[in-house]
Structures are given as structure tokens and as C-alpha cells.
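Colleague: Now for the letters of each chain:
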Amino acid sequence: METQLALEKWAGVISTLVIGAGKEDGGSRGNIVKIGGQGSLPLLFREGSIPNPPVIAFEIWDIPPLDWSEELVSAYGKALNDPFDWANKCVSEFNAQLLCVKMQGTHPDFGNKTPKDAAKFISTLLSKVKVPLIIIGSGDDAKDNLILPACSEAAKAERCLIGCAVQDNYKTLVASALADGHQIIAESPIDINIAKQLNILISDIGLSLERIVINPTIGALGYGLEYAYSIMERARLAALSGDKTLAAPFICFVGQETWRTKEAKVGPEQGIIWEIITATSLIQSGADLLVMRHPAAAKKVSDYIKSLFKR
Amino acid sequence: MFIIGELINGMYANISAAIKERDKKEVQKCALDQIASGADALDVNCGPASREPLKDMPWLVEVIQEVSDKPLCLDSSKPAVIEEGLKVSRNKTIINSTTADKEKLDTLLPLANKYKSKLIGITISAKGIPQNKDQRLELAANIIDRCLSESFPIEDLYLDPIVLPVNVAQRQMRDILESIAEFKIISHPGPKTILGLSNISQGTHLRSLINRTFLTMAVAYGLDSAILDPNDKQLIDTLITAELILNKNIYCDSYLEAYRKK
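Chains as they are written, first to last, in my numbering: chain B, 8 to 318; chain C, 130 to 391.
Read the hints as simulated data drawn from the structure, not as lab findings. Keep in mind that the hints are not guaranteed to be accurate.
Stated by the list, open to error - Quick list of simulated restraints, FRET-style, between CB atoms:
#, chain 1, residue 1, chain 2, residue 2, range
1, B, Ser134, C, Asn376, 16 to 24 Å
2, C, Lys377, B, Ala182, 43 to 51 Å
3, B, Leu50, C, Lys154, 45 to 53 Å
4, B, Gln174, C, Gly257, 51 to 59 Å
5, C, Ile258, B, Glu9, 46 to 54 Å
Note that the structure is a prediction, hence the values are computed from the model and not measured. From the three backbone atoms N, C-alpha and C, an ideal C-beta is built for every residue, glycine too.
Take these sequences, add in the hints, and give me the full structure.
Modeller: Written out as C-alpha cells, the structure reads:
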């Protein structure tokens with residue numbers, strides 16, 4: 008007897024979000040990236056539409072990286088000494104569709120660059136590479152509230168994804184995203200209740216839920232990956248059941264979390280494998296954007312996504 | 130919870146006057162207010178004073194459809210009145226209601242199939258109102274059986290255990306609640322369940338409190354839908370909280386607002 012698949016019917020759909028604006032939209036990007044739009048759980052193609060595969064963003068910094076492992080450093084070589092060379096290498100050599108620039112050099116402890124410097128950096132970066140940008144602060148709330156509005160303004164109309172808004176510090180960033188036409192990352196500490204609450208707070212001040220990407224905060228393999236997985240799964244189940252406040256795509260900072268583990272640093276290739284496993288697991292739990300570091304890991308995961316979506 | 134707003138009913142003076150004077154603004158305002166308060170569908174009833182229900186029902190339907198595409202719950206004891214409403218409905222519809230009586234089912238089931246309408250079945254019959262849970266279950270089984278034989282989809286059937294005022298039939302309350310849970314296991318897939326909520330508090334002094342307490346208990350027994358006053362904010366807040374406690378929605382500090390954003 009033929010086995011009948013039990014297919015779930017879902018009422019909700021994840022919002023579709025575009026990063027990057029081309030000339031026709033008032034920006035200057037050569038390509039745009041579309042994420043979200045799923046009407047089913049990850050990879051269950053028969054249960055609903057999955058119009059956009061997950062996308063990998065290459066992580067770069069506005070300064071040469073400080074504590075990156077030798078394996079990462081050797082993958083990029085001398086290009087790391089100049090962030091613009093680094094960005095170019097990601098695009099031209101590793102085919103990055105999207106860059107995630109972390110403004111680490113603005114942190115009070117790591118260079119303390121001014122908002123003016125930060126804005127100039129973003130303007131130059133936008134002129135040197137044509138892929139869409141994700142712009143991330145250094146993680147110092149007070150300083151981020153100064154530099155992110157400057158970066159936002161410098162990238163006006165380029166429809167960047169800017170972050171991260173957190174429960175105790177979101178208003179300045181939301182106002183900037185509203186003024187300059189960007190999308191926003193809402194970050195919660197592996198806590199679905201706070202993720203939901205923050206999305207409501209953001210939408211209450213006028214940025215629609217459709218312009219939010221959730222950063223659920225993840226752990227790498229061995230460091231709470233399954234906890235992040237379950238939070239993402241639960242949010243997705245709620246969203247597909249009709250909860251619009253959780254129907255946002257996910258961004259996962261895979262590279263950052265992987266390369267801080269001691270396992271990633273013990274021998275050749277192990278870090279790459281660690282990054283691949285973390286990324287592919289998160290794809291299974293619904294990740295839409297994967298911010299990655301090692302080009303070899305990014306290549307493997309990109310091939311994996313292609314094979315999953317070959318239909 | 131599928132909330133059906135009860136306020137477009139000719140037994141209320143404003144709607145009765147609006148029907149009489151063909152004042153569509155009043156009806157449309159009532160529809161939009163209820164939707165803004167959380168109604169997923171709107172009950173439509175010409176009321177006992179309507180002299181020409183066959184004309185009033187389609188007028189109400191047309192007027193509401195001008196401002197909303199929410200499902201309409203066509204409410205009349207006369208099948209002919211319901212059919213006049215069905216004829217002009219572009220929105221989804223729910224027939225309110227059939228009893229377990231053969232004549233009612235003979236007329237309304239074919240109408241529900243013809244117009245692809247959902248159907249509310251109340252567990253009463255010409256013999257009267259059931260006095261206990263077993264009588265309710267027997268009538269429910271009769272309705273389900275007829276639906277199955279007419280190929281009506283059971284998921285589109287809403288069974289109402291018939292709520293009686295608490296000051297009239299206090300001893301029946303537990304049976305009514307248990308019926309909600311047991312209706313759902315009569316067949317697979319099971320029917321949905323519904324209550325006309327306000328009846329519970331007829332003739333009492335603390336209507337709103339009794340309504341929301343009973344609704345909370347019914348939700349815990351698995352109630353799917355209720356016809357109620359969505360403008361009673363405390364009632365809706367209580368309902369949202371009850372569903373939260375049953376893990377139907379994910380908690381956040383602004384969970385009341387989150388529900389209303391859905």
C-alpha cells in the first residue's frame with residue numbers, strides 16, 4: 008500500500024524582505040537580495056511555497072581583525088589589512104552576494120572611530136563594492152547610538168539591513184532606519200518572549216513588522232546550537248500559525264559564534280567543518296541569512312543550499 | 130478562538146432603526162467597530178421586529194459587504210431568510226442555525242452545500258431543550274450523522290451545546306462544558322464547537338463578569354468559536370489571556386497588543 012504523506016496546511020507566511028536597492032529604487036546596488044516568504048517549515052517543499060533560499064553574507068570589519076585565528080587570516084591573506092580590499096576579495100574572488108560589515112573600529116576599546124569616520128567608511132565601501140550591505144554596530148550601546156545613525160544616513164536609500172536593535176536600546180536605530188529607508192535587525196538573547204516583545208515595540212514606533220529580521224542569537228555546535236534551533240523552530244511554528252509578530256526572517260551570526268569556540272582553533276580544517284555544521288544545522292531550523300567568515304565554509308554551505316533547492 | 134460579533138441584530142434599537150430607515154452608515158459602523166475590537170466574523174440578524182426579513186437580510190448583507198470581507202453568520206430561525214442572505218453573499222458565510230430536527234436539516238444542509246457555507250448546529254429538537262449531557266450528545270450525533278450522509282464537511286460544522294442562563298439552569302452548566310469536549314470526539318475529523326455566549330447571563334446583574342468567567346471555562350474545555358460582544362474589552366482581554374495560558378499563543382509582555390496585531 009502506498010504511504011500517504013500527512014501534509015500540514017499553514018495559515019501564516021513569513022514576510023518577504025529585500026536588502027539592497029538598485030538604480031530604479033534610488034540606490035546604487037548591482038544586485039539585491041530577497042529573503043523570507045516561506046509558507047512552510049524549512050525545506051518542506053510540499054507543504055507550502057519556499058520562494059527564497061537562505062543567503063550567505065560574508066562578514067568583514069571596518070578595521071583589520073584583531074583576534075582571528077590563523078586559519079581565517081590565511082584564507083584572506085594581505086587583503087585583511089585594508090577593509091576595502093577585504094570587501095573586494097569577498098565579492099570578486101568568493102562571489103559574495105551580500106556583505107555584513109561590523110563597525111568594530113568604532114568601539115571605545117578598539118579604535119573609538121568617530122561617527123564622521125564611520126559614515127565616511129560606509130560611503131567609500133558603497134562606492135567600492137556593489138553588493139547590498141548589512142551594517143552592524145560594535146556592540147557598545149552608547150557608541151552605536153552615535154555611529155549607526157551616521158552610517159544609516161551615509162547609506163540612505165541603499166536599503167541596508169542595520170543592527171542590532173535590542174530591548175533596552177532600539178529607538179535611535181529604528182528612527183534612523185525609518186528616516187533612511189533601511190531594514191532592521193531585532194536581537195533577543197535566545198528568548199522567544201523577548202523576540203516577540205521587541206518586534207512589537209519596534210512596530211509601535213512606526214517601522215512595520217515586514218521590515219524586521221530577527222537575530223535569535225545562536226550558539227555554535229556544542230555551544231547551545233540546539234537551544235537556538237528550538238527557539239527558531241517555535242517562532243516559525245507560531246508564525247506559520249498566523250502570529251505576524253514572529254513572522255520575520257532569521258539572521259544567524261554563524262562565523263562569529265563558530266570561531267570563538269576552542270574546537271574551531273585546534274587544528275587545520277576543524278574550524279571550517281565547525282562553521283559548516285553550525286550553518287547547515289541552522290538552515291534546517293529556518294535561518295534565512297547566514298553571516299559567515301571562512302570562504303571555504305561559505306562555499307561548501309552555498310553548494311549545500313544549491314543542492315537542497317535543486318528541484 | 131474564532132470570534133463572531135453579535136451586535137448586528139435587530140433586537141438592538143440602533144440596528145432595528147437602521148434597518149427600518151435603510152441607514153447603512155449605522156450598520157457599517159457597527160460592523161467596523163466589531164472588527165476593530167477583534168471580531169473574525171459578524172452575526173447578521175434582522176431581529177424579531179423585522180416585518181420583511183426576506184428583504185432586510187439581503188440588504189444587511191450587501192451593506193456590510195461594502196465595508197468588510199469578513200465571513201457573515203446569517204442568523205434566522207427561518208431558512209428562507211437565510212437563503213436570501215446566501216444569495217447575495219460574496220463573503221464567506223456561516224448558516225446560523227439548524228437544529229437536530231429532520232425538517233431543518235433537510236432544508237439547511239442542501240443550502241450549506243450549495244452555497245459552500247459553514248453550518249451551526251444547535252443541539253435542540255422539537256422535543257425541547259436537552260436536560261443533560263447525554264441528550265446533547267445524542268442530538269449532536271444525529272446532526273453529524275446527517276452531515277456525513279449529505280457529504281457535508283464535518284470541519285465546517287459548528288456544534289452549539291445550547292447555553293442556558295445560569296439563573297435558570299445552574300445544574301446544567303457542567304454538562305454544557307463537558308459537552309464541548311465530548312462533541313469533538315464523536316467523529317474524526319471532529320466538528321468545531323461554538324457558543325452563543327450572552328445567554329449565560331440573561332437576567333443576571335453581573336452580566337459581563339459571568340460572560341467572561343464562563344467563556345474562560347469553555348475555552349479550557351476546547352471551545353473553538355463564540356458569538357459574543359467583541360466591544361466588551363474585558364471579555365476579549367480575558368479570552369486572550371485564557372488562550373495564552375493554554376499555550377495557544379507565545380507569551381510576551383505586550384501579549385494583549387500582540388494578539389490584536391494578528
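Colleague: Hint by hint, where does the structure go against what was stated? Just the numbers, ascending.
Modeller: Numbers 1, 2, in rising order.
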